[in-house]
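Peer 1: From first to last, the protein sequence lines are chains A and B. The opening residue of the first sequence carries number 1 in the numbering used here; numbering runs sequentially from there. The opening residue of the second sequence carries number 1 in the numbering used here; numbering runs sequentially from there.
Honestly, the hints are just simulated from the structure, not real lab data. Check before you lean on any hint, since a few could be wrong.
[Stated by the list, open to error] The calculated lysine-lysine pairs, modelled on BS3-like cross-linking and capped at a C-alpha distance of 30 Å, are: (1) B:K312 to A:K137; (2) B:K292 to A:K137; (3) B:K95 to B:K400; (4) A:K137 to B:K118; (5) A:K137 to B:K363; (6) B:K294 to B:K229; (7) B:K93 to A:K137; (8) B:K308 to B:K72; (9) B:K176 to B:K143; (10) B:K118 to B:K143; (11) B:K81 to A:K137; (12) B:K308 to A:K137; (13) B:K341 to B:K189; (14) B:K308 to B:K294; (15) B:K229 to B:K308; (16) B:K403 to A:K137.
[As the list claims (entries may be wrong)] Residues of chain B placed beyond 10 Å of chain A at every Cβ, according to the derived structure: (17) G41; (18) K93; (19) D122; (20) A186; (21) K208; (22) K219; (23) E357; (24) R436.
Cβ atoms here follow ideal geometry from the backbone N, Cα and C, with glycine treated the same way.
The chain contents come next:
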Amino acid sequence: MEVLNTFFIAPVLDMADSPIFLLEVIIGGLMAGVMYSLVALGFVLIYKASGVFNYAQGAMVLFAALTLVGLLDNHVPLILAIILTMIVMVGVAFLIERYMLRHLVNQAQIILFMATIGLNFVFEGAGQIAWGSNVKKLDVGIPENSFEVGGVLINSFDLFAAVTAAVLVGVLAIFFQKTSVGRALRAVADDHQAALSVGIPLKTIWIIVWSVSGFVALVAGIMWGGKAGVQFSLVLIALKALPVLILGGFESVPGAIIGGLLIGVFEKVSEVYWGPAFGGAIEGWFAYMAALVFLMFRPQGLFGEKIIERV
Amino acid sequence: MKLRSLLLAAAGFAIGITGITETDRAYADELFFPVFVYRTGPYAPSGEPIANGFRDYYALLNKRDGGIEGLKVKTEECETKYNTKVGVECYEKLKNKHGGALLVNPYSTGLTYQLIPKAAVDNIPIISMGYGRTAAADGRVFKWVFNFPATYWSQASAFVNYVGDQEGGMANLKGKHIAHVHHNSAYGKEANPTLDTLSKKFGFKLTKLAVDHPGQEQKATWLQIRRKKPDWVFMSGWGVMNQVAIKEAATIGFPMDRFVGNWWSGSDADVVPAGDNSIGYKSTAMHSAGVKAKVMQDIIKHVYGGDKAAAKTNKVGEVLYNRGVYNAALATEAVRDAVKKSGGKKPNGDQVRAALESFTVDKDRLAKLGMSGFANPVSVSCRNHEGAAPGVFIQQWDGKQWKVKGDFVPAMSDVVRPMVEKAAAAYAKENNIKPRGC
Chain A
1 MEVLNTFFIA PVLDMADSPI FLLEVIIGGL MAGVMYSLVA LGFVLIYKAS
51 GVFNYAQGAM VLFAALTLVG LLDNHVPLIL AIILTMIVMV GVAFLIERYM
101 LRHLVNQAQI ILFMATIGLN FVFEGAGQIA WGSNVKKLDV GIPENSFEVG
151 GVLINSFDLF AAVTAAVLVG VLAIFFQKTS VGRALRAVAD DHQAALSVGI
201 PLKTIWIIVW SVSGFVALVA GIMWGGKAGV QFSLVLIALK ALPVLILGGF
251 ESVPGAIIGG LLIGVFEKVS EVYWGPAFGG AIEGWFAYMA ALVFLMFRPQ
301 GLFGEKIIER V
Chain B
1 MKLRSLLLAA AGFAIGITGI TETDRAYADE LFFPVFVYRT GPYAPSGEPI
51 ANGFRDYYAL LNKRDGGIEG LKVKTEECET KYNTKVGVEC YEKLKNKHGG
101 ALLVNPYSTG LTYQLIPKAA VDNIPIISMG YGRTAAADGR VFKWVFNFPA
151 TYWSQASAFV NYVGDQEGGM ANLKGKHIAH VHHNSAYGKE ANPTLDTLSK
201 KFGFKLTKLA VDHPGQEQKA TWLQIRRKKP DWVFMSGWGV MNQVAIKEAA
251 TIGFPMDRFV GNWWSGSDAD VVPAGDNSIG YKSTAMHSAG VKAKVMQDII
301 KHVYGGDKAA AKTNKVGEVL YNRGVYNAAL ATEAVRDAVK KSGGKKPNGD
351 QVRAALESFT VDKDRLAKLG MSGFANPVSV SCRNHEGAAP GVFIQQWDGK
401 QWKVKGDFVP AMSDVVRPMV EKAAAAYAKE NNIKPRGC
């Protein structure tokens with residue numbers, strides 16, 4: 001009876017007791033979910049274009065944010081610093097294609113995955129060597145004040161992140177669905193050699209997609225860096241994106257957003273209402289458990305392409 | 001053939017013996033301090049200033065004093081990345097180098113737990129200054145571990161003492177509400193038993209909120225704080241968790257002067273991301289920050305050649321830099337006592353341990369160390385490895401620097417010590433250790 005009360009009755013009564021607070025928790029979860037989506041998007045882009053899970057995405061976020069904040073600390077104006085950082089990320093994409101991907105054309109996915117693990121350490125090391133390991137404040141002028149709407153606390157920074165993510169998804173969806181480069185990206189993801197045989201410039205496509213992924217990493221770096229300071233632990237936010245990808249699907253841009261929002265809400269609601277029954281700090285664990293359960297029933301994720309293999 | 005083999009064996013033996021003798025002779029006038037650092041990885045922002053503090057204090061000793069009692073100080077850093085497994089590898093790698101480690105400062109609670117059984121076998125004292133296993137304060141069970149100037153439990157009790165003082169007396173704690181926001185790890189949970197006991201003793205409500213590693217996302221935690229409206233928040237955080245917590249506290253409008261971190265949640269790096277919103281945030285402290293103390297001025301003069309800009313770049317005066325200096329200074333003084341007791345010769349681990357068990361740094365000695373007003377006196381005994389009068393300072397961030405506020409706040413040793421002895425007795429029983437009679 002006590003178990004029933006702890007795990008089922010008490011949390012539901014708690015929710016019913018204060019619906020405004022429940023709403024606040026859900027909105028908080030949605031806002032956190034948007035932040036996860038920003039990281040997940042970078043994974044999706046690379047996966048869509050090369051069929052590889054980019055282990056280095058978290059390190060790319062760190063590298064982009066460190067470069068931006070490093071330039072700002074050296075009194076480079078904000079807009080110019082963002083442009084210069086993007087140029088650096090394009091340069092990085094060029095180097096990745098030239099020295100890593102070009103040598104791995106048509107290799108098994110696991111080989112490409114292993115290569116991105118190596119890339120992760122290159123980014124981590126290069127970022128820290130160039131810009132140090134101090135915690136750096138990143139202020140790009142995003143408002144940080146909080147306000148109440150009907151008793152629900154809303155933070156301007158979170159709201160800005162949500163709008164940014166929405167715009168980013170819209171732009172990326174159009175890019176992938178409506179442009180010839182987007183179609184070429186999808187063709188490359190399906191089969192490197194087949195894409196090459198119909199005249200798709202594989203090298204250019206890879207540089208484009210890693211550059212776009214670098215741009216997404218920069219946006220994620222600005223948002224997460226603005227929240228917690230720019231520091232090495234930004235690398236670890238990749239862990240937050242994994243359950244989002246499992247839920248939303250590895251090759252779906254809208255899936256990254258919906259997955260992020262769902263994971264965000266699952267996490268916060270579970271932590272607030274079921275956390276005390278487990279001693280707290282269950283949100284990370286709960287997100288992975290939810291993704292694992294989901295994986296059993298729909299391995300391709302909510303919006304992923306259904307896996308059909310000829311035998 | 002047989003004769004040739006015998007001659008070769010004899011020659012090899014002779015070379016070996018000579019080598020050992022030469023090695024011992026080579027290290028006889030060197031005192032080796034291994035330094036475990038984490039200059040890389042997610043905890044580097046905290047690890048770097050601590051490591052610099054150690055490095056510079058040992059450099060100061062060699063440059064200003066020619067070492068310790070005429071013996072040169074030898075150090076070697078090993079990068080642990082704040083990873084327990086790598087830390088154990090560092091320990092194994094360095095314990096016998098340069099004639100053998102005189103003591104170790106693990107700088108990680110997880111690593112300290114791993115080294116406790118090893119140190120007793122290797123005869124190397126562990127100094128876990130303000131971290132590690134709290135029960136190690138009972139020297140009868142933990143012969144080789146020293147955790148002065150205060151344990152996590154003493155620190156938590158001193159925090160409650162401080163809150164009582166701020167509320168106008170301990171009696172006024174009844175009906176108050178304190179939340180403990182803690183890292184979900186052995187370290188983060190250390191203060192919980194003390195806070196539970198004190199909650200019952202003084203009648204305040206206690207809410208414990210664990211934060212998942214590494215703590216980049218804490219919305220759920222701070223929404224609960226917003227709902228439960230505690231009067232005070234105590235935080236046992238580390239790394240990015242601290243920075244995010246301070247920022248989230250500001251987001252929900254929690255009053256910063258009622259938000260107190262423990263001394264691993266009160267560094268310069270912790271208040272950077274929140275900017276002006278972190279003004280008023282408090283933390284416990286075992287020493288003061290800044291470069292006012294003479295020892296800091298000596299470091300700037302002798303180690304940096306008076307170059308204040310270089311000193312600042314190396315974080316001289318930051319809270320965790322000063323922690324490294326303070327730790328290195330106390331370790332040095334214990335070794336100095338051991339050198340004196342051994343007639344000016346290099347001591348072994350057991351002699352350093354013996355010196356630590358009668359280790360006293362009073363006000364005069366602090367003054368000699370250039371640390372007047374920098375920290376509180378320490379007095380360690382065989383029975384009490386935490387020191388006789390544990391407690392904390394409270395420091396507050398004013399937007400530019402940390403400043404100590406008010407007097408030293410004593411721990412409630414009458415509550416904490418019996419808990420320590422109970423925990424140590426349980427450890428002794430579990431590990432078949434017969435407590436010493438002291």
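Peer 1: Keeping to a limit of 30 Å between CA atoms, is the pair of K292 (chain B) and K137 (chain A) held or broken?
Peer 2: holds (26 Å)
Peer 1: For the pair we were handed, K93 (chain B) and K137 (chain A), check the Cα-Cα distance against 30 Å.
Peer 2: Cα-Cα ~37 Å, so violated.
Peer 1: Quick one, are K137 (chain A) and K363 (chain B) close enough, alpha carbons at most 30 Å?
Peer 2: violated (39 Å)
Peer 1: Is the straight-line distance between the alpha-carbon of K294 (chain B) and that of K229 (chain B) 30 Å or less?
Peer 2: Judged against 30 Å, a Cα distance of about 43 Å means the pair is violated.
Peer 1: If you draw a straight line from the CA of K308 (chain B) to the CA of K294 (chain B), is it 30 Å or shorter?
Peer 2: holds (14 Å)
Peer 1: Take a quick look at whether K229 (chain B) and K308 (chain B) sit within 30 Å of each other, Cα to Cα.
Peer 2: violated (44 Å)
Peer 1: Tell me if the straight-line CA distance from K118 (chain B) to K143 (chain B) falls inside 30 Å.
Peer 2: The hint holds at about 12 Å.
Peer 1: Do the alpha carbons of K81 (chain B) and K137 (chain A) lie within 30 Å of each other, as the hint requires?
Peer 2: holds (23 Å)
Peer 1: Would you check the hint for K312 (chain B) and K137 (chain A), treating anything up to 30 Å between C-alpha atoms as holding?
Peer 2: holds (18 Å)
Peer 1: Is the Cβ of E357 (chain B) farther than 10 Å from every Cβ of chain A?
Peer 2: Given a closest Cβ separation of 38 Å, the condition holds.
Peer 1: According to the definition I'm using, a residue is off the interface if its beta carbon is farther than 10 Å from all beta carbons of the partner; does D122 (chain B) meet that for chain A?
Peer 2: holds (31 Å)
Peer 1: Verify the proposed pairing of K403 (chain B) with K137 (chain A), using a straight-line Cα cut of 30 Å.
Peer 2: Holds, because 21 Å separates the two Cα atoms, which is no more than 30 Å.
In this structure, the earlier hints numbered 3, 4, 5, 6, 7, 9, 13, 15, 17, 21 and 22 are contradicted, and the remaining ones agree with it.
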